[in-house]
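Protein chains in written order, with our numbering: chain U, 1 to 189; chain Z, 1 to 429; chain B, 1 to 308.
Quick caveat, the hints were computed from the structure, so don't treat them as lab data.
There may be inaccurate statements among the hints.
Pairs of lysine to aspartate or glutamate residues, derived as EDC-like cross-links and limited to a Cα-Cα distance of at most 16 angstroms, are as follows [claimed, not checked]:
| hint | chain 1 | residue 1 | chain 2 | residue 2 |
| --- | --- | --- | --- | --- |
| 1 | B | K114 | U | E140 |
| 2 | B | K240 | B | D4 |
| 3 | B | K32 | B | D4 |
| 4 | B | K260 | Z | D164 |
| 5 | B | K117 | B | E225 |
| 6 | U | K137 | U | E148 |
| 7 | B | K21 | Z | D164 |
| 8 | B | K300 | B | D109 |
| 9 | B | K240 | B | E46 |
| 10 | B | K203 | B | E280 |
| 11 | B | K240 | B | E31 |
| 12 | B | K32 | B | E225 |
| 13 | B | K144 | U | E62 |
| 14 | B | K110 | B | D297 |
| 15 | B | K300 | B | E108 |
| 16 | B | K293 | U | E148 |
| 17 | B | K97 | B | D303 |
| 18 | B | K240 | B | E24 |
| 19 | B | K147 | U | E62 |
| 20 | B | K300 | B | E290 |
| 21 | B | K110 | U | E62 |
Pairwise CB distance ranges, derived in the manner of DEER restraints [unchecked claim]:
| hint | chain 1 | residue 1 | chain 2 | residue 2 | range |
| --- | --- | --- | --- | --- | --- |
| 22 | B | E256 | U | V45 | 28 to 36 angstroms |
| 23 | B | K21 | Z | F322 | 29 to 37 angstroms |
| 24 | U | Y52 | Z | T403 | 43 to 51 angstroms |
| 25 | B | K293 | U | P150 | 14 to 22 angstroms |
For each residue, glycine too, the CB sits at the ideal point set by N, CA and C.
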Amino acid sequence: MNSKSLCLDGSPEALALPAVCRIFSRTVSAIFAAAMAVSALCVLVALAVIAYSVVVRYFLGEPSLWVDEVVGYLVVAIVMFGVASALREGRHIGVDLLTERLGPRGRRLAEAWSMLGVLALAVFLIANGWETAMFSKSIEMVSQGYLEVPLYALQLLIPFGGCLLALAAVDALLRLAFGGSAHVGQEKH
Amino acid sequence: MLAITLMLIGLVALLLTGLPIFAGLSLFGGFLLAGEPGGLDAVSDLIFAKTGMYVLVAIPLFAYMAHIMIRGRIVDDLYTTAHTLTRHLPGGVGIATIVACMIFSSISGSSVATALTIGAVAIPQMIRYGYAPKMAYGLVAAGGTLGILIPPSGPMILYGVATDTSISGLFMAGVLPGFLLSGIFMAYCAFKQWGTPRAERASWGEMGRAVRQSAWAIALPGLVLGGMYAGLFTATEAAAIGAVLALLIAGLAYRSIGLREIWQCAIEASRTSAMLFMILAGAAVFSYALTKLMIPQQVVALVLELQIGPYGFLLLMMLMLFVLGMFLESIAIILITSPVIMPVMAHLGINPIWYGVLLVINLEVAMITPPVGMNLFTIKGVVPSASMGEIIRGAMPFVLLMTLGMLLVMLFPQIALVLPESMININAQ
Amino acid sequence: QAADYSMRLSHQLPASHHVAKALEAFAVEAEKNSGGRLDVQIFGGEQLYKAAQNHVAVARGQVEAASILSLQWGGTVPEMQIFSIPYLMTRPEQLEKFPGSPAAALLEDKLQQKGVKSIAWLLDANDSTFTSQKAPLVAPADFKGVKIRGLGRLVDTGFIAMGAAPSTMPGSEVYQGLQTGVIDAGVSSLSAVYARRYYEVQKYAVVTPLITVYQNLVVNPRWWEGLPAEVRNGVLAAAKSAELSLAAQGAEQDPEGVAKLEKTGMTVTVHTPEQRKALEQAMQPVVVGEFLKTTADGQKLLDLVRQL
Ligand code: NA
Ligand code: NA
Numbered sequence: 001m002n003s004k005s006l007c008l009d010g011s012p013e014a015l016a017l018p019a020v021c022r023i024f025s026r027t028v029s030a031i032f033a034a035a036m037a038v039s040a041l042c043v044l045v046a047l048a049v050i051a052y053s054v055v056v057r058y059f060l061g062e063p064s065l066w067v068d069e070v071v072g073y074l075v076v077a078i079v080m081f082g083v084a085s086a087l088r089e090g091r092h093i094g095v096d097l098l099t100e101r102l103g104p105r106g107r108r109l110a111e112a113w114s115m116l117g118v119l120a121l122a123v124f125l126i127a128n129g130w131e132t133a134m135f136s137k138s139i140e141m142v143s144q145g146y147l148e149v150p151l152y153a154l155q156l157l158i159p160f161g162g163c164l165l166a167l168a169a170v171d172a173l174l175r176l177a178f179g180g181s182a183h184v185g186q187e188k189h
Numbered sequence: 001m002l003a004i005t006l007m008l009i010g011l012v013a014l015l016l017t018g019l020p021i022f023a024g025l026s027l028f029g030g031f032l033l034a035g036e037p038g039g040l041d042a043v044s045d046l047i048f049a050k051t052g053m054y055v056l057v058a059i060p061l062f063a064y065m066a067h068i069m070i071r072g073r074i075v076d077d078l079y080t081t082a083h084t085l086t087r088h089l090p091g092g093v094g095i096a097t098i099v100a101c102m103i104f105s106s107i108s109g110s111s112v113a114t115a116l117t118i119g120a121v122a123i124p125q126m127i128r129y130g131y132a133p134k135m136a137y138g139l140v141a142a143g144g145t146l147g148i149l150i151p152p153s154g155p156m157i158l159y160g161v162a163t164d165t166s167i168s169g170l171f172m173a174g175v176l177p178g179f180l181l182s183g184i185f186m187a188y189c190a191f192k193q194w195g196t197p198r199a200e201r202a203s204w205g206e207m208g209r210a211v212r213q214s215a216w217a218i219a220l221p222g223l224v225l226g227g228m229y230a231g232l233f234t235a236t237e238a239a240a241i242g243a244v245l246a247l248l249i250a251g252l253a254y255r256s257i258g259l260r261e262i263w264q265c266a267i268e269a270s271r272t273s274a275m276l277f278m279i280l281a282g283a284a285v286f287s288y289a290l291t292k293l294m295i296p297q298q299v300v301a302l303v304l305e306l307q308i309g310p311y312g313f314l315l316l317m318m319l320m321l322f323v324l325g326m327f328l329e330s331i332a333i334i335l336i337t338s339p340v341i342m343p344v345m346a347h348l349g350i351n352p353i354w355y356g357v358l359l360v361i362n363l364e365v366a367m368i369t370p371p372v373g374m375n376l377f378t379i380k381g382v383v384p385s386a387s388m389g390e391i392i393r394g395a396m397p398f399v400l401l402m403t404l405g406m407l408l409v410m411l412f413p414q415i416a417l418v419l420p421e422s423m424i425n426i427n428a429q
Numbered sequence: 001q002a003a004d005y006s007m008r009l010s011h012q013l014p015a016s017h018h019v020a021k022a023l024e025a026f027a028v029e030a031e032k033n034s035g036g037r038l039d040v041q042i043f044g045g046e047q048l049y050k051a052a053q054n055h056v057a058v059a060r061g062q063v064e065a066a067s068i069l070s071l072q073w074g075g076t077v078p079e080m081q082i083f084s085i086p087y088l089m090t091r092p093e094q095l096e097k098f099p100g101s102p103a104a105a106l107l108e109d110k111l112q113q114k115g116v117k118s119i120a121w122l123l124d125a126n127d128s129t130f131t132s133q134k135a136p137l138v139a140p141a142d143f144k145g146v147k148i149r150g151l152g153r154l155v156d157t158g159f160i161a162m163g164a165a166p167s168t169m170p171g172s173e174v175y176q177g178l179q180t181g182v183i184d185a186g187v188s189s190l191s192a193v194y195a196r197r198y199y200e201v202q203k204y205a206v207v208t209p210l211i212t213v214y215q216n217l218v219v220n221p222r223w224w225e226g227l228p229a230e231v232r233n234g235v236l237a238a239a240k241s242a243e244l245s246l247a248a249q250g251a252e253q254d255p256e257g258v259a260k261l262e263k264t265g266m267t268v269t270v271h272t273p274e275q276r277k278a279l280e281q282a283m284q285p286v287v288v289g290e291f292l293k294t295t296a297d298g299q300k301l302l303d304l305v306r307q308l
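Kindly produce the complete structure, drawing on both the sequences and the hints.
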C-alpha cells in the first residue's frame, strides 16, 4: 500500500457517511484500539517472561519449562490481534510498482480490489479456522509440551483474527464506497 | 514446465494488482490447492504452526529494542560517533551501517531480524547524512541478509541437519564470505558516495570524546554478544536481553524514555511483526501448495537429469535457486531442495560445506529479489513512507554485487573452506 | 499408466535416517505388491508438515499416511509415553514380542480413537545417549545441577528426581546451546548424536537403553477402508517387512554405532548392567508414578508390557 494515498484525516466525521456507517466505523475503531493494545501487551509479556527465565536460570538455577510454549502462543496472539489494525492503517505491504502509476480513480479501484481480496481470505480463515479448531476439539488434542493446553482454544485465535480482518476490510470498503480513503492514519494510543 | 512458468507468471500478475502480499500468497496458494481433495483443509493448521514458533519471538523483541534505541536517542549518539570517526572517508556512514549489520549478524541468525533492527535505526540516519533514500534502503536490505551468512545462522543449522553436514564447519565457512560480501558492499558504498563532499578527519581527541560520549550505546551490542558467546543465553534469548538492556540504558543512563514511550514502542513492534508474520504465513501456504503439487521437486529433477560436469551442474543449480528464491521463502527452499540434490553432489564430488555456503548466499539474494523478498518487506515495514518500487530499485545493484561475491566463492572455494579445514577437525565426513 | 490410488506419506526425518530409508523401501514394495495400482509419494524432512502437524494431516485426510514418533503424541495419547518410561521396555526380547501383542493392540486402539490407523511399529531407537562437555553422565549423582535438554514432561520428572535441570529448548537451538554452554548436556538416540553432529560440540557420550522410540506408520482410516483388499494387503505386507527390517537392526546394542562415535574423538562409555540398574532405580519409580497419574489405562498397559 502506498502511504502517499493515505488520507491523514480519515475520521468518519470528516466524510459524508450515512449514520450507520459512521457508527460502524467508530465501533471498529474502538475494537481495533483494544486489539492492538492486547497485541502490544503480548510483546511486553514475551519480553518479561524470557528475561525472567534467564534470570531464574542463573540466579536460582531453576529451569522454566513452560516458557517456550507460552512464548509460541504469544507470537500467534501478537499476529492475530495485530493483523487487522495493521490493515486499517495501511501497513500491509503490497507491490505498488504498477498501482502507484494509476490516477486517483484507478487507485481507488485497486484499493477496493485489495480489500475484496482480504475479505475473501478473512471469510475463509473464519470458516477454515473454526473447522480446524473444532476438529482438534473432537479428538481432544492438547498442545505438545509441558502445559498440555486444549489445542482448540489456541487455534480459535485464527478465526478470531479472521473476524477482525473481515471487519477491517468491510470498514475500508464502506469508506471507499462513500468517497473516503481505504486506510486510516495511525491512531494515537 | 510451461504449466509451472504460467503459474509463476499468474502469481506475479496477481501481486502486481497491489493486493497485500500476505493475501496474494494465501489466495494464490489456495487457488492451486482447490483442485486437490482436502487440499484447503490445511491452511489454518499451517498458519497456526508457522506463527506459533518460539524462535520467531526474536523479531518483535529486536524490533522493540530498535524502537527503544531510536526513541531513547541512543541511535543518534551512535551515529554521531560513527560520523565523527568516518567523516573523512567516502561513504563513511554507509560503511558504519555495514559494520553495524556485521555485528548484529553475529548476534542474530536471521536476516529479517538484522534488516529490521538495523533498518529502523540506520535508514533515517543515512538519509540525515545526505544519502539517497534508494541507496539507504538497498544497503540495509542487502546488509541485513548477512544475518544468515555470518554465524550463527538458522538456515545453516537447518541445512546441516537436513544433509548431514558439519554445522560448526558451515559456521566457520560463512565467516570469510561474509566479510567478502561486506567488503564488496563497503566498496560500492564508497564508490557511490565518492563525489559527495567530505569533512576533515577528526582529531584523536575528538574521536576519543565521541566514543566516550556513546559508551553506553556501544556497550549494548558488546554485552549481548558477550553474554551469548559466554553461554549465558541463547540467540533467541539474546533478543529479550538486548531489549531489557536497551530499556535500562535509555531509562537510567539517558533518562530519555518514560512509560508512554515504552508502551508506544511495544505497539510499533507488534504492528510490524504482525505484518511480517502474516507474510511468512502466506508464504507457507503458497509453498505448501507448490510442494504438494510436486513443482519444486520437478524443477530439481529436471536439473538433475542433465548430464553436465560439476561446474555446469553448480551453475545450473545456482540459476534454479535464484528462480526459486524469487518466489519461495528460505526455509522452504532448504527443505525442498537439499535432500534431493545431496546424492548427486556426493556423486560429483562437490564439497557439501562449500555448496552450503553457496546455497546460503543464494538465500540471501532471495531475500531481496521481488516479488517475494522478506528483507524488501522488512524495509517497507520499518519505513512505511517508502514505495515498494523504490526499495526494489534500491536493492537491484546489491543483487548484482552478491552474485559477484557468489561467483568469487565458486571460483575460489578456499574463501569458504580455508577456515573450516584449518580450524576444526571435521571428522567422519 | 496413472495409478488408481495414491498414498502420500509425510515424515520428519532427513533422508539419511534409517527409518527414512525403510520407508523408501516400503514405498517400492507397496507399489510392486499392488501391481501398479498404488502410487506412493514420500514427503520427507518436514517439507510438507512440521512434525507436530502430521497427526491432524492424516486424520483429516490432507495426506493419506505419515510416520509419527512415539514421543510426538504427548498428552493427546498419553499412553504412548509408555515407551519413555526409563528402562521399562528397551530390551530386544521385549521389543521382538511387542508388535502384535495385546499391549500394541491397546495402543493401536487409542490411536484409532484419535482418528488414525496404525499399520506398523517402526523401531527408531532403543539406545539412548547422554552427551556432555565437562564430565560424563554415568551415575545418578552425575546429573546433579546439570542443565540437560529434556525429552518431554514425563521423562523429565526422572531427570528432576536426580537433581538435574531439564530445559525445553527448541530442536533448532540445541546445537548452539550445547556449543555455547547454555545447556550442559543432551540426550538422544546413538544415531542422532551422530547425525545431528552433537559430537562436534560435546566430549562425552554415555550409551544406555534408557527409552525406546517407535514410529507409527499411520494411515487415514476412510482412505484405508476404501482400498480394494488386494491393494490393502500389499501395503500391509510391505509395512510388515519395514517393521521386521528395523526390528532386526534394534536387536542388539549397536557396537558399530559406538565405534563410529568413538572415531569422532568422543569419549564413549557403554553402561554396564550395574550402572544401568542404578539409573533405573533413580528414575523409573518417579516416572511410573507420573505416567499412572496422567493416563486412563496406564496400569492396564503397564501390566501388559511387563508380561512381554
Ligand atoms: Na548471524
Ligand atoms: Na525473493
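**Study point:** Non-conforming hints, listed in increasing numerical order
**Key:** Per hint list: 2, 9, 10, 12, 21 and 22 violated.
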